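Asks: So the sequence lines, in the order shown, correspond to chains L, D and Z. For the first sequence, this note's numbering assigns the number 1 to the initial residue and increments by one for each residue that follows. For the second sequence, this note's numbering assigns the number 1001 to the initial residue and increments by one for each residue that follows. For the third sequence, this note's numbering assigns the number 2001 to the initial residue and increments by one for each residue that follows.
Hints listed in this document are in silico derivations from the structure and should not be mistaken for laboratory results. Keep in mind it's a predicted model, so treat the numbers as computed, not measured. Ideal Cβ positions, reconstructed from N, Cα and C, are used throughout, including at glycine. The reader is advised that the hints may include incorrect statements.
[To be verified] What follows is a list of derived Cβ distance ranges for each label pair:
(1) D:Asp1095 - L:Tyr26: 27 to 35 Å
(2) Z:Glu2188 - D:Asp1174: 37 to 45 Å
(3) L:Met17 - D:Asp1174: 19 to 27 Å
(4) D:Gly1201 - L:Pro27: 37 to 45 Å
(5) D:Arg1019 - L:Ile20: 32 to 40 Å
(6) L:Gly261 - Z:Val2077: 17 to 25 Å
(7) L:Phe35 - Z:Val2077: 48 to 56 Å
(8) L:Pro27 - Z:Thr2309: 57 to 65 Å
(9) Z:Ala2281 - D:Asp1095: 56 to 64 Å
(10) D:Glu1091 - L:Met14: 33 to 41 Å
(11) D:Gly1201 - L:Pro9: 47 to 55 Å
[Claimed, not checked] Cβ-to-Cβ under 10 Å is the rule here; a few derived chain D residues that face chain L:
(12) Leu1036
(13) Thr1042
(14) Leu1050
(15) Asp1174
(16) Gly1201
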Amino acid sequence: MVERVLRAPSQYWMLIMMWIRSSMAYPASFVLMLFSSMVLTVMDFVAIVLMFSHISSFGGFSLAEMALLYATASMTLGIADLLTGSIERVGERIRTGTFDVYLIRPVPAFLQTTADGFALRRLGRPLQALVVMVFAFSRLDVDWTVARGIVLVVSMIAGSVIFGAIFVLGAAFQFLAVDSAELANSFTYGGQTMTQYPLTVFGKEIVRAVTFVVPLAFVNYYPVLYLLDKPAPLGLPSWIGLLSPLVAVVMVALASLAWRGGLRRYRSTGS
Amino acid sequence: MGVYWAIAVRSFRRFSTYRIATASGAFTNTVFGFILCGIYLTLWHERPGLGGYDASDALTFVWLQQGLLMPVGIWGATTTGELGERVRSGEIAVDLYRPTHLLLWWLSVDLGRAMFQLVVRGGAPLLVGAFVFDLKFPSSPLTWLAVAAGVFLAILVSFGIRYLVALSGFWITDTRGMEQLALVLSTFFSGMILPLVVFPGAIGDIARATPWAATMQVPIDIWLGRNPGGTGSALLFQLGWIVVLLLGAQLVTSVATRKVVIQGG
Amino acid sequence: MAVIELTDVARAFTVTSRTGLRRTRREVRAVDGLSFSVEPGEVMGYIGPNGAGKSTTIKMLTGILVPSSGTIRVAGVDPSRHRLKLAKRIGVVFGQRTTLWWDLPLKDSFAVLQKMYDVPPARHRENLATFVELLDLGDLLDVPVRQLSLGQRMRGDIAAALLHDPEIVYLDEPTIGLDVISKARLREFLAQINADRRTTIILTTHDLDDIEALCTRVMVIDHGHQIFDGTLDGLKSSQSAPRTLVVDLATSLPPIEVVGATVTKVDGPRQHLTFPPTTSAAPLLAQIAANYPLVDLSVAEPTIESVITQLYAPRPSA
Chain L
1 MVERVLRAPS QYWMLIMMWI RSSMAYPASF VLMLFSSMVL TVMDFVAIVL
51 MFSHISSFGG FSLAEMALLY ATASMTLGIA DLLTGSIERV GERIRTGTFD
101 VYLIRPVPAF LQTTADGFAL RRLGRPLQAL VVMVFAFSRL DVDWTVARGI
151 VLVVSMIAGS VIFGAIFVLG AAFQFLAVDS AELANSFTYG GQTMTQYPLT
201 VFGKEIVRAV TFVVPLAFVN YYPVLYLLDK PAPLGLPSWI GLLSPLVAVV
251 MVALASLAWR GGLRRYRSTG S
Chain D
1001 MGVYWAIAVR SFRRFSTYRI ATASGAFTNT VFGFILCGIY LTLWHERPGL
1051 GGYDASDALT FVWLQQGLLM PVGIWGATTT GELGERVRSG EIAVDLYRPT
1101 HLLLWWLSVD LGRAMFQLVV RGGAPLLVGA FVFDLKFPSS PLTWLAVAAG
1151 VFLAILVSFG IRYLVALSGF WITDTRGMEQ LALVLSTFFS GMILPLVVFP
1201 GAIGDIARAT PWAATMQVPI DIWLGRNPGG TGSALLFQLG WIVVLLLGAQ
1251 LVTSVATRKV VIQGG
Chain Z
2001 MAVIELTDVA RAFTVTSRTG LRRTRREVRA VDGLSFSVEP GEVMGYIGPN
2051 GAGKSTTIKM LTGILVPSSG TIRVAGVDPS RHRLKLAKRI GVVFGQRTTL
2101 WWDLPLKDSF AVLQKMYDVP PARHRENLAT FVELLDLGDL LDVPVRQLSL
2151 GQRMRGDIAA ALLHDPEIVY LDEPTIGLDV ISKARLREFL AQINADRRTT
2201 IILTTHDLDD IEALCTRVMV IDHGHQIFDG TLDGLKSSQS APRTLVVDLA
2251 TSLPPIEVVG ATVTKVDGPR QHLTFPPTTS AAPLLAQIAA NYPLVDLSVA
2301 EPTIESVITQ LYAPRPSA
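Next comes chain L alone, as it looks inside the complex:
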């Protein structure tokens, strides 16, 4: 078991390298795809900018603050999508029988399902998010300390892991319903759309739901509130923004249980 976990990164790397090499076979085409991925995924920010041609504050957030929320949401989802997004095709692979092929190989099926069809062009989303983040910080007056820098980096990683876990949970559900790939979009892409905005605009009930049920608020909202010295909603303490890594660990545990359960079910029903 321990050995399996230790080997996983190098096995994953080996699998994705094959796809990276093949996408680099046509560099011009790759650059074009990467660029168009950036343009397509930056649209949500364009919408925010267009809104700010009419307003000066959205739910108490200025454009620069909105840019930071947007960038962190888009960055975390983008990284999760890049590294684990392929897993949403598991239902299709079960239907066509290619999932069985993963199970006859000496590499865990989970790694093969996440790595297969790895598309480096999906780097477009985190890249445009990075550009927006630079823009946000250039306009924001953040009192930078080493600690704050660490909080930002760690919570971006934790946020990506939370989104990744949601991708895996959605994929695990496809063991029950092979055609339900789109269901997970509600929580992944839907989650991204939502966390681009100050969550309080959706009402207290929703804030509670994304704090305690589907912990999307920990992806970026609470960490950003902490960085901007804004008070947390629901009377929650401001250090709640530091809990993202903990939430990420819990989500990984849940996703891992769900995936194993799904796989066990598949291996005892063959469908």
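We have chain L; now place chains D and Z onto it with these hints.
Replies: Leaving out everything else, chains D and Z in the frame of chain L:
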């Protein structure tokens, strides 16, 4: 004519077999509906009357947008996607040797798909939205008729664009760039990221003149009764783009046919 | 020491069928009480009609599927519990779908498999060179898999399944859809691999020529039960399939009358008669020669198809 009807019916049935996929999709549209309502309520709270919409217009826009997304095929559709795949693989030759017209054949396939998705993926989110929010509905039978016409024309416009993109594979070996471009333009100009009425100044004027406006913003405005020049001119605007696109599609089809039949691919 | 050993293995599935609004669940036993063992180096044909339980058996042997009951040992381990470890010692070819990467050139698939299976680079090069030569893959290495013909792809798949020197290879319908020449080449290759490396081969097929050409042993299953296990000749003689007598007469005649045989077909002066396998052909021959203008005569043994058809025919016990 009978054959095209049969094709459309068969396509309708085919899409009705994807039950779980359809339900998952409708669920996702509904979730996005709620998220967007939260965003638009805030926006119209900050700026009441923005773009000539009141808050109720904005909310109705959200559910119509989510309902039309799949039927109209804003982000492409399975049918024209398959057409593009056939062009790339060369299987299209089989279609060209059929006694049916290529354009009409695929239009029938697409309409069958659109009708099914309109009923389920359009209807379900709208029903949920209307249950939770105070949405606007057309008040007169004439408006309902205009809405039906507007939605039908929107599907035709979208089909025209998707068909041209699919057939570009006859001349371009790697059509992914073309598909991405179509996706970007459609997302931006249809009203998918924000109602076009909110687009400021010249960007707004340009956006509202594009064929993509005719696929989503215009039919929604017919429903809301908010077309700047009235419903009649909105329908004429859609018709204008249909004439241009379908003429273009017909031209491309005949050139492509000659290319395949004479040069053998 | 057997390399594969099954003891009383069963696999049941719950099938939900819907008629109107009523949903009914029933249990289907895809494999029911199967026991057999395979020795190293054996080539076993595993045959049966569609839905007999062949794929289910193969899936259990590879560890994909967990048996409902019974024990399985493959290369000394329980496949479902040590799936990843066992994977390096087995090779699998699914005839209907490829194990290669659809969008990548063939050689990239091979390169990834080498890393996946930790094959020493020198050994990999050696194997690759052998397979490229024997399977004539030289021109295909740079072609993306999706552009290969069915026969080319199958050759690539077989090479992929053997690159890590597996002790056991499962081939599920390897010749399905292939032309005559491709089939012959594939059989020749498999026979050679088995001879050179003593690789154990389990082959499921509908093409009985595959069995004739390759298999030292045949196992037939139907409805999840084993109904025959033995040699091909044993299979042929085990069944009471009627034999056929082909008689050439000097002239065209109405169906001739022979005690102990019946005419099934009249084709000008040639007549076909069938007789039970328990009867000897000699007295029939004497009878015909005495009563009719006999020119030539031959006895056709039952074809393997007819034997198998008989095996599958519903029997009172089933």
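Asks: Among all the numbered hints in the text so far, which are the ones the structure does not match?
Replies: Of the numbered hints, all hold.
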